[in-house]
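J.: Chains as they are written, first to last, in our numbering: chain A, 1 to 213; chain B, 1 to 213.
By construction, these hints were calculated from the structure, which means they are not laboratory data.
The model shown is predicted, which means the values in this text are computed figures rather than measured ones.
Misleading hints may appear alongside valid ones.
No distinction is drawn between identical chains; accordingly, a pair holds when it is met within one copy or between any pair of copies.
[Unchecked claim] In silico EDC-like links for lysine to aspartate or glutamate, alpha-carbon gap of 16 Å or less:
| # | residue 1 | residue 2 |
| --- | --- | --- |
| 1 | K112 | E20 |
| 2 | K94 | D202 |
| 3 | K112 | E203 |
| 4 | K168 | D208 |
| 5 | K112 | E193 |
| 6 | K168 | D202 |
There are 2 protein chains.
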Amino acid sequence: MGNTNDHPLLALIRNRVSAESFEPGRTLDDETVRDLVRDAIEAPSSFNIQHWRFVAVRDPEDKQVLKQAAYGQQQVEDAAVTFIVLGDLRGLDKLPQTLDRAVEQGVLPRPKADAWLDSAREIYADESMARDEAIRSCSLAAMTMMLAAEARGLAAGALVGFDPVAVKRRFDIDDRYLPVMLLAVGYPCSVHESRKPRLPLDEVLAFDRGREF
Amino acid sequence: MGNTNDHPLLALIRNRVSAESFEPGRTLDDETVRDLVRDAIEAPSSFNIQHWRFVAVRDPEDKQVLKQAAYGQQQVEDAAVTFIVLGDLRGLDKLPQTLDRAVEQGVLPRPKADAWLDSAREIYADESMARDEAIRSCSLAAMTMMLAAEARGLAAGALVGFDPVAVKRRFDIDDRYLPVMLLAVGYPCSVHESRKPRLPLDEVLAFDRGREF
């Protein structure tokens, strides 16, 4: 407990690389795409709002269009699927229904559900708080999907360099959804990519109090 | 490949619960805290900037102070360690050094490092882009730590309901660091917490084009 280092996940975390290339021409079927999203949405979410939405882009012409909106990054096209990960800026709208479901399933007492709804409405009435949370929740889900993809024998890479306005326009995405990142998933290329060195621990971790890192 | 469902990580993802209670009074030693941060910083990061910083709060009085800043949420105090996860709003400052290290280690060619630096400076000169990326990177690292904690026999829970101004003041955190979330980690309580239902897949996933979800 606490010091075990042998869970296969820990090796997977240490060996994961952001994929910049994929075996081109390989496809993923609908059910595998759904499995990846099922994995992703197991991430935690503030008040269980679940701001995350996913547009799965697999059509070769669509991937070319998406690549252009991502300043030509080739992995968008080579990936079997590139997800547009969207954060719902009006995540609160669905919350009453989501909480009702949890109450009906017996996993959330009604008074706690009511308190969550009140708190969530108070906090996320602030548009900037709602936007921050959309980015946070989508990122938690994206990380979960990247690790799950590795566990499924796939490779994944997140991209934040893209034109969100072009992405929304070309893929019929309403302004209520914020494109948080693109997530390219596919079959790993046999070329092994190098892992980039992480900052030394003393440059990122402090005990007890903050400091200049 | 692609359809394997038997990696232990996938079960871990499906069974993970955001811990709201911990076995109180149990502690984690420095090395375990370091291990958790080592896991977290294996997450991907835009241009390898690594905006994430962690303040590990373990002292009982400090945890009480942090709990107050988190509106009394008890898990902040009961956790063996509660991390203040900080995003460096001036993440670019360290990037030349970080890229040099990668070049010296032979994992990044110099021309690519130079191109990354130019691109990163162009993109993150915009303060709102830098702030968004700090939230994204910290969230990716936090998700990695939550899963790693589970793999180590621990439990974890993220909290976003706290007063960032109070947290910064009480824990000597400079304004260049944005408190992105608190992350409580400790020994799981024997009380099993219920997992909250996720949205049905057709309410979060679209193929090819966006729509009203």
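J.: Hint by hint, note whether the structure agrees.
T.: Hint check:
For a Cα distance limit of 16 Å, the shortest separation of K112 from E20 across copies, 13 Å, qualifies, whereas the shortest one inside one copy, 45 Å, does not. For the homomeric pair K94 and D202, the shortest alpha-carbon distance between copies (14 Å) is at most 16 Å, but the shortest distance inside one copy (42 Å) is not. Taking the shortest Cα distances, K112 and E203 never come within 16 Å of each other, neither inside one copy (40 Å) nor across copies (24 Å). In this assembly of identical chains, the alpha carbons of K168 and D208 lie at most 16 Å apart only when taken from different copies (12 Å versus 43 Å within one copy).
Proximity of K112 to E193 under the C-alpha cut-off of 16 Å is restricted to the inter-copy arrangement: shortest distance 14 Å between copies versus 48 Å within a copy. Proximity of K168 and D202 under a CA criterion of 16 Å is satisfied in neither setting, with 41 Å inside one chain copy and 20 Å between copies.
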